[in-house]
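Asks: Sequence:
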Amino acid sequence: MKKKRLKRSDTNRVIAGTVGGLGEYFDLSRRMITIIRVLLVIGTFGSWGSLLIVYVIVSLLMTQSQK
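Residues in the sequence shown are numbered consecutively from 1, following full-length UniProt numbering.
DEER-style ranges, computed between Cβ atoms:
1. F26 to Q64: 17 to 25 Å
2. T11 to S47: 26 to 34 Å
3. L52 to Y25: 19 to 27 Å
4. L6 to I35: 18 to 26 Å
5. K2 to T44: 32 to 40 Å
6. K2 to I53: 30 to 38 Å
7. V14 to L39: 18 to 26 Å
8. S50 to R13: 16 to 24 Å
9. K4 to L51: 22 to 30 Å
10. D10 to S47: 27 to 35 Å
11. I36 to L61: 14 to 22 Å
12. W48 to K2: 33 to 41 Å
13. K2 to G49: 32 to 40 Å
I should point out that these hints are in silico values taken from the structure, not numbers from a laboratory.
The beta carbon of each residue, even a glycine, is placed where N, CA and C say it ideally should be.
Just need the whole structure built from these sequences, with the hints factored in.
Replies: In structure tokens, the structure reads:
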């Protein structure tokens, strides 16, 4: 069995492929990951600026997938 790795998606991407990569890792659609992100921002962070900072940090930390 192949070990799953968290990585940015090449095929399921809009900007950096971070949300698509999370969806592929957890077997969720990109739409479901986006809904979860929005609920987290509303419930915890309270600002869209925080979400942008977290997105950029996660994009830099996740490796690019290899074809």
